[in-house]
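Novice: Residue numbers (numbering that gives the first Met the number 0), protein chains in the order written: chain A, 0 to 500; chain B, 0 to 451.
Some hints could be false.
[What the hints assert, rightly or not] DSSO-like mimics (lysine-lysine), calculated; alpha carbons at most 30 Å apart, straight line:
1. Lys131(B) / Lys26(A)
2. Lys26(A) / Lys91(B)
3. Lys163(B) / Lys26(A)
4. Lys9(B) / Lys164(A)
5. Lys413(B) / Lys164(A)
6. Lys9(B) / Lys26(A)
7. Lys109(A) / Lys124(B)
8. Lys163(B) / Lys441(A)
9. Lys91(B) / Lys109(A)
Hints in this document: simulated from the structure, not taken from any laboratory.
These are the residues of each chain, in order.
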Amino acid sequence: MKKHIFALLPALLLASCAESTMDSINKDLANPPVESMNGKLMITDAMTSTAFSVSSGDYSFYTAVFNEQVFGCGNNQFKNAEMRQTNETTASTTFNNVWNSTYANLLNLKAIIAKCAEGGLNEGQKDLEGMAKLLSAINWGILTDMHGDIPCSEALGGAGHKQSKLDPQESVYEHIFTLIDEAISDFDEAAGMRNVSSQDLIYGGDIASWSAAAHAVKARYLLHKSVRDPQAFSQAKAEAKAALDAGFAGFDFAVYDGNAAMNPWAAFQYSRDYCANSASLHDKMAERDDPRCSVYFGFYDESEGLDPEAEVTYGVPGNLADAQSTYTLGAPGWLSYSMATGLPVGAAASTHIVSLAEVNFILAECQARAGEDYSAALVAAVEASFDDTAAFGTIDGTAADYVASLSARLAADPVAEIMMQKYIAQTRDENVEAYNDLRRCKAMGEEFVKMTNPQNTQDGANYLPVRLPYGNSDVSANSYVREAYGNGRYCLTDPVWIFSK
Amino acid sequence: MGYWYQAPVKDRTVGLFFNANLSWRDMVFFSVTGRNDWVSTMPRDHRSFFYPSVSAAWVFTELESLKGNPVLSFGKIRASYAEVGQAGSYYKDFAYTPSYGGGFYGGTPISYPLGGVTSYIPYYKQYDPELKPQTTKNYELGADLRLFHDRVRLDYTYSYQDVKNQIFDIPMAGSTGYQELISNGGRITTHTHEVNLAATLYTNKDFTADLGVNFTKYESKVKELAPDVDNIMLGGFVEPQVRAYVGYSYPVIFGTGYERDDNGNLYLDANGLPVATGDSKVIGKCTPDFNMGFNLSLRYKRVSLSTTWSWQSGGQMYCGTNLVMNMFGATEATLDRDKPMTLTGTNINTGEPMTAEVSLEDYWNVVGEISEAAVYDTDFLKMRDLTLTYQLPRIGIFDISVYGFARNVFVWAKMPNLDPESSIGNNNSGGYFERFSIPNTASFGGGLKVVF
Chain A
0 MKKHIFALLP
10 ALLLASCAES
20 TMDSINKDLA
30 NPPVESMNGK
40 LMITDAMTST
50 AFSVSSGDYS
60 FYTAVFNEQV
70 FGCGNNQFKN
80 AEMRQTNETT
90 ASTTFNNVWN
100 STYANLLNLK
110 AIIAKCAEGG
120 LNEGQKDLEG
130 MAKLLSAINW
140 GILTDMHGDI
150 PCSEALGGAG
160 HKQSKLDPQE
170 SVYEHIFTLI
180 DEAISDFDEA
190 AGMRNVSSQD
200 LIYGGDIASW
210 SAAAHAVKAR
220 YLLHKSVRDP
230 QAFSQAKAEA
240 KAALDAGFAG
250 FDFAVYDGNA
260 AMNPWAAFQY
270 SRDYCANSAS
280 LHDKMAERDD
290 PRCSVYFGFY
300 DESEGLDPEA
310 EVTYGVPGNL
320 ADAQSTYTLG
330 APGWLSYSMA
340 TGLPVGAAAS
350 THIVSLAEVN
360 FILAECQARA
370 GEDYSAALVA
380 AVEASFDDTA
390 AFGTIDGTAA
400 DYVASLSARL
410 AADPVAEIMM
420 QKYIAQTRDE
430 NVEAYNDLRR
440 CKAMGEEFVK
450 MTNPQNTQDG
460 ANYLPVRLPY
470 GNSDVSANSY
480 VREAYGNGRY
490 CLTDPVWIFS
500 K
Chain B
0 MGYWYQAPVK
10 DRTVGLFFNA
20 NLSWRDMVFF
30 SVTGRNDWVS
40 TMPRDHRSFF
50 YPSVSAAWVF
60 TELESLKGNP
70 VLSFGKIRAS
80 YAEVGQAGSY
90 YKDFAYTPSY
100 GGGFYGGTPI
110 SYPLGGVTSY
120 IPYYKQYDPE
130 LKPQTTKNYE
140 LGADLRLFHD
150 RVRLDYTYSY
160 QDVKNQIFDI
170 PMAGSTGYQE
180 LISNGGRITT
190 HTHEVNLAAT
200 LYTNKDFTAD
210 LGVNFTKYES
220 KVKELAPDVD
230 NIMLGGFVEP
240 QVRAYVGYSY
250 PVIFGTGYER
260 DDNGNLYLDA
270 NGLPVATGDS
280 KVIGKCTPDF
290 NMGFNLSLRY
300 KRVSLSTTWS
310 WQSGGQMYCG
320 TNLVMNMFGA
330 TEATLDRDKP
340 MTLTGTNINT
350 GEPMTAEVSL
360 EDYWNVVGEI
370 SEAAVYDTDF
380 LKMRDLTLTY
390 QLPRIGIFDI
400 SVYGFARNVF
410 VWAKMPNLDP
420 ESSIGNNNSG
430 GYFERFSIPN
440 TASFGGGLKV
450 VF
């Protein structure tokens, strides 16, 4: 008997540790390999991430404070941003999370695009491919607008390429337009396809809407080129028109239920209470008797919620005592707390990737700059903003009447007033685009929206960031980025290429 | 509504082990061990690994010529070599359902299923398909001596540890699309010297005195990390962190420091306040120069007194509690808060020398966010224990003693307010981080001991 056992042992051993046996044991059933995943299951999160983290999220939160659309309080990170403290504004840790999540999103999109190619799991699915390319364009666009030259052509290589060199912003922009143009032709070829359907959280798989959105995105990035290329205005105008003609009604992410799924701005305020009414924005709107003031500036008290009778309080940009205050200043209506739910009023508000208002504002600006009639586009833009705002409170008046009341200002300088209206309209969550507009206009020698924060200049030096610092993960692990980052103060002195002459 | 399903996860390790021991005349000892493991959690063709150990000792006082020597009662020389292999966990690139949270968000603002559907994306960690088991090689050389009929006992051990192919979650540049790579991260070597001395200083019927002294000095060095990687996070916060940094001793504190000009002068901003560096850098070296321990026991007739002391020289740690207390004006350093303080440095905007008077409140508000201001030297001398015992006369079969003790009573430390041995735990910050940890307590007590 003993002999048999000894003979059996090696056999047992061999059987139990053969490579194929071990392979099957090491399978993680909850996490299938990327290579066997259908691209339509991956595109869903590309939409979520593009809306929640990249278009809104940290980029939007901080730029809102730089733009004076929101006042940063709470005696912590947003006090630092409000006071233009460089330990916040130029630190590589500040935007590290969103830097990483944007690249992770681009990696996911790259994998989807690869699946749509010949021999891939989703070969020939032009609807899926177009979506992935359009979303990639937006992610690259926001990354480069915020950070300038970025790893792009060598990026997303994983462990096979740990350190990617920086691509000049000019070539990143070329890549963006290539992606948009390919997306537009993919959508043309995709007529009738419904490969994504319910996995598409934005348009439910409707390709016509995606095609219109592609033109809207193209209009935005063409407009950005206007400092560098005078032709860009007329091209942006054509794309904005093409989007609206195709029925563009907003490229919005509207899946929040205000409870299990909360709008990022609302979730941020609910978690931190760092946002307050900006006195600078209020002055600009009160000067115009803007009927949206009733919603834009709320009274905040966590225990009492929104109280229309209460005195509305504002933070004065750059005021240290205001920035250090906690739970005392009023906040924009959508970030103020609802008496009924105890949650921010805008907990279920949509996230704008490209809003209907923005596309109309692009059209109005380009028309006004060309000396054409811009009034219809401007009214449509302001109306879209009124509609968006009305979800959080009552507005006394119509957009058309309001625009009519601005006639003297419009007669004096139509572009200036259009830019001011765009700035006001983009307060809720389009702060990244507002930051781009402020920088773009400044590069053209225009300052239509005056910044008032005294901390923007210290000892004659500029402290309002002209770009955002690279993410810490690249600063510490990629020598190209580390070198470009230096001590981070380039964020105060060197404008990005697209917004400089 | 979704429901939770936890898919089963399995792993398998098969091991074969042998050992052999030889001894000759109670004088020479020799042993060998060997082990081979087959591990499922490693990539194909990297699953099997073998690790041996050998050790030898020579009790030279067993030599005929040395037996019964009045000075040297026991002497041993020992040497050993041991390898230990350790597997990592490997999974082929897989997809997972991401979650949203962290950063500014408390809780999870959104999660899947969302809008009735779920989603999968590439996992944020990449697994190296060439992952090798981590090997630790340990060389040890030592001697144990007992002198004067065992009244003096002296041990010395030198060891050299070489950890190769250490498996790390290597942080990757976000631009790679991933955040971490599970791979063989590098090589860390450690030299350790340890001396133990125990001596019975004096003994007679009424009085005994025993002294023990130990000395430890170790230094770990990060020799190399993975290609294109010069540092790895081991623990800590978003900032500061504990990291392994190539060329530095291991580990280091890595965080924001004071911005300084080329001559090392502080940069001051328009308000005359210090400026934090935008990026993190090495701001502290944790390893102490050496540690010593002392214990002394004295007995006079029925009364005995024993005490244990520790001394640490060198080393640094991050103490967040001091920093926050300074910021809130709760430490002695902030007492004269109505008097301004004078700072000299270089104006960061103009590059000119600058002297400024600033209020303590403004100063600590800014410095409170610079981690370098929370790095303290960890030199200390500490009385860990003092015990006084009285042995009662024997009653029948009962041996009774009463004793009183005091522990952690005195600590003289370079760091103010806190015991440098306070920490938020050893698991990921190596005991070098402190922030609102529960303070080490002094304790006093006594007891009655009955032996029968």
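Novice: Among all the numbered hints in the text so far, which are the ones the structure does not match?
Specialist: Of the numbered hints given earlier, those the structure breaks are 4, 5 and 8, listed in rising order.
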